[in-house]
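Sequences and hints are given; from them, build the entire structure.
In order, the protein sequences belong to chains A and B.
Numbered according to UniProt numbering, the first sequence spans residues 1 to 317.
Numbered according to UniProt numbering, the second sequence spans residues 1 to 353.
Hints listed in this document are in silico derivations from the structure and should not be mistaken for laboratory results.
Nothing here was measured: the structure is a model prediction, and the numbers come from that model.
Even for Gly, the Cβ is constructed at its ideal location relative to N, Cα and C.
Each hint should be verified, as a subset may be incorrect.
In silico lysine-lysine, BS3-like type, Cα no more than 27 Å apart, as pairs [to be verified]:
| id | chain 1 | residue 1 | chain 2 | residue 2 |
| --- | --- | --- | --- | --- |
| 1 | A | K62 | B | K38 |
| 2 | B | K37 | B | K22 |
| 3 | B | K22 | A | K11 |
| 4 | A | K147 | B | K96 |
| 5 | A | K62 | B | K30 |
| 6 | A | K62 | B | K100 |
| 7 | B | K96 | A | K11 |
| 8 | B | K38 | B | K153 |
Derived DEER-like restraints, expressed as beta-carbon distance ranges [as the list claims (entries may be wrong)]:
| id | chain 1 | residue 1 | chain 2 | residue 2 | range |
| --- | --- | --- | --- | --- | --- |
| 9 | B | Q115 | A | R29 | 54 to 60 Å |
| 10 | A | E145 | B | S166 | 40 to 46 Å |
| 11 | A | S83 | B | K30 | 43 to 49 Å |
| 12 | B | L178 | A | G225 | 47 to 53 Å |
| 13 | B | L178 | A | V223 | 41 to 47 Å |
| 14 | B | S168 | A | H3 | 28 to 34 Å |
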Amino acid sequence: MYHKEKSIQIKNSASALYNNLGVLRIAPRRLTYFTVVHANVVNMISASWDGLNYSHRQLQSKEPNVATSTSLIMQAAFCALPSRDLLVVTSQKGIQMYESDGSIMVYWHALDTPETPTGVSSGAILVFDVPSKGSNITLSEVLEEHKESITDMASECSGSQECIANLVTADDEGNLCVWKSGEEFQLLNKIPGFDMSCSSVKLWKGTVVAGYGTGQIRLYEAVTGILHAEVNAHARWIYSLDIAPFSGLLLSAAEDSLVRVWHLTMTPETNSVEVAHLHNECVTDTQICGAKFCDGDGYAFAVTGYDLSEIIRYVQS
Amino acid sequence: MSCSCHSGTSFMNDIITTMFNKKFLEELFKPQELYSKKALRTVFDRLAHASIMRLNQASMDKLYDLMTMAFKYQVLLCPRPKDILLVSFNHMDAIKDFVKDTPSILSQVDETYRQLIEMYTPLSSGEFQLIRQTLLIFFQDMHIRVSIFLKDKVQNSNGRFVLPTSGSVPHGTQVPGLIRIFSCTGEELTRQQFNNGGNYNAALREGSFEIFGDRVTKLGTNMYSVSRPVETHMSGTSKNSAQHTKVSAAPNPLAKEELNLLARLMGGLEVEKPGNTDSGFRVNLFATDEEEEEALISRPDELSYGVINIQATKDQQANAELAKIMGEFTESGDQSPGASSKGDDLLAMMDGL
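This is the structure:
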């Protein structure tokens, strides 16, 4: 179903962090940005679609113009907002936001010292107002519903206006919170975990898809919390999930060296969900830490692994 | 490395006494950042020299490489993050066995078990994974080939560890393959199987997190329990060195000598503590002194460890606490009364022990 394509070399190897691959497709310029975290550095690669041009950039996690040391980065992710794209980098010391090409840091939010924790490791979710241009970003809300560290969050990616819920957040105990955005965020539902970390979460057509440390994937109806499906998907801790919104393809990757492709079908009339397994890729002797589709149809996907200095790419045959 | 002569003074007792010193452990158990590579290497050097054993730079580098890669292997291969605690208990169990006939040291070891249990057993799986991920940052990009791992086929010739897609799944995980669909009322509607691409079987029972118990995992147990020569390879230098021992039925005198040296390091053989510290026991992990010298010269720069001299350092990583710990490790026979201002009182305390 997929075959391996030419890998992209990166300047350092990927660290063992959940969801350690960011992908942003810039169609007008026929290129794709990739981000891979190595300890306290974000490696950014801009790859042209014709495969001929690659440019590299490295971003460090530190407060601008202050001579403090860099801190370890937890995650780097692209946020596609209606009017602009941002690259958000979270580290032990704070949150940085960059223009999507990594050229300019537009915002720095310092997290308090451990003695007075209000950062995301306490379970708090910080909501920022982002203007369509410029750096006038402000903290607008703090959502305090989770008691454990936040591991991942996802917004509704189907593009449908009918979905009530548009954000899901996950924590280290496997608890999931479902939110509706607005002037203020409203908590719609809380789905309890089973004492096992949820390392990766996605929201598609009103369905939460969650990956856990046990290697299981669970599908829940977001607003009601009804469990639709349970998959014994991997033999080790799941590190990354991704959905191709136009086709309903699901990508899962874990420490067990395997990337799996699934197909999700929603039948609203019967309020049911189907999960079909389509494909396996084994990245030999590698604990995978990031896996993402490169486009909305799932025609191609990219993978990173701990200690690996390349982004491996697969394309549909 | 079983040996019947554990009585009296042995390397192992000296090293273990130092490692389990109350103040040192207090420092270790404090929440803190990951040590830098330099800082950890310095601690290791001081520990290794806490007995009368002496190694020069090349042998110390080799021993450190071995220890680092072995530990990377154990952390990387833990089926679930909480298993790193079981690995630590395997280490502790082996240490306890070395000192079981020496009550004073034994009680220090037992106290450490209690501290480990108190501090770590309440942690969640997510917190253990964070610890493991942080440790993996320390080991990132280290691919030194270790002969024993290459022979056992747990490491490839490119230095990367083998991660099998077979064997028992971790405790708490199901064998991959089942998809279950549920109705809105919670009944199972369908179940289907998919091909998991591997060859897994069900999880083994969980190991014990108590002071005594079967840890179940083999990670962290003595990797030298089967007699074989041990060496590490620097890429490109192995062809020049006569260290490349062959596995053959005929006894290889070099291999045997190397094994004896390692046995002495591990405390397997009794060594008389000399009255004069100048005749301290010098350990060479290479076949000859000349080879040791050559290995030091030809060692690639990127694999060199900058061992810091604690008196002279201004390295911010060697913070005050660490300097204090260093001050506590006196080499046996070191009676110097004029200690530096750092850790004066601690050195005095150590002299009195």
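Violated hints - listed by number, lowest first: Violated hints: 3, 4, 6, 7, 8, 12, 13; rest satisfied.
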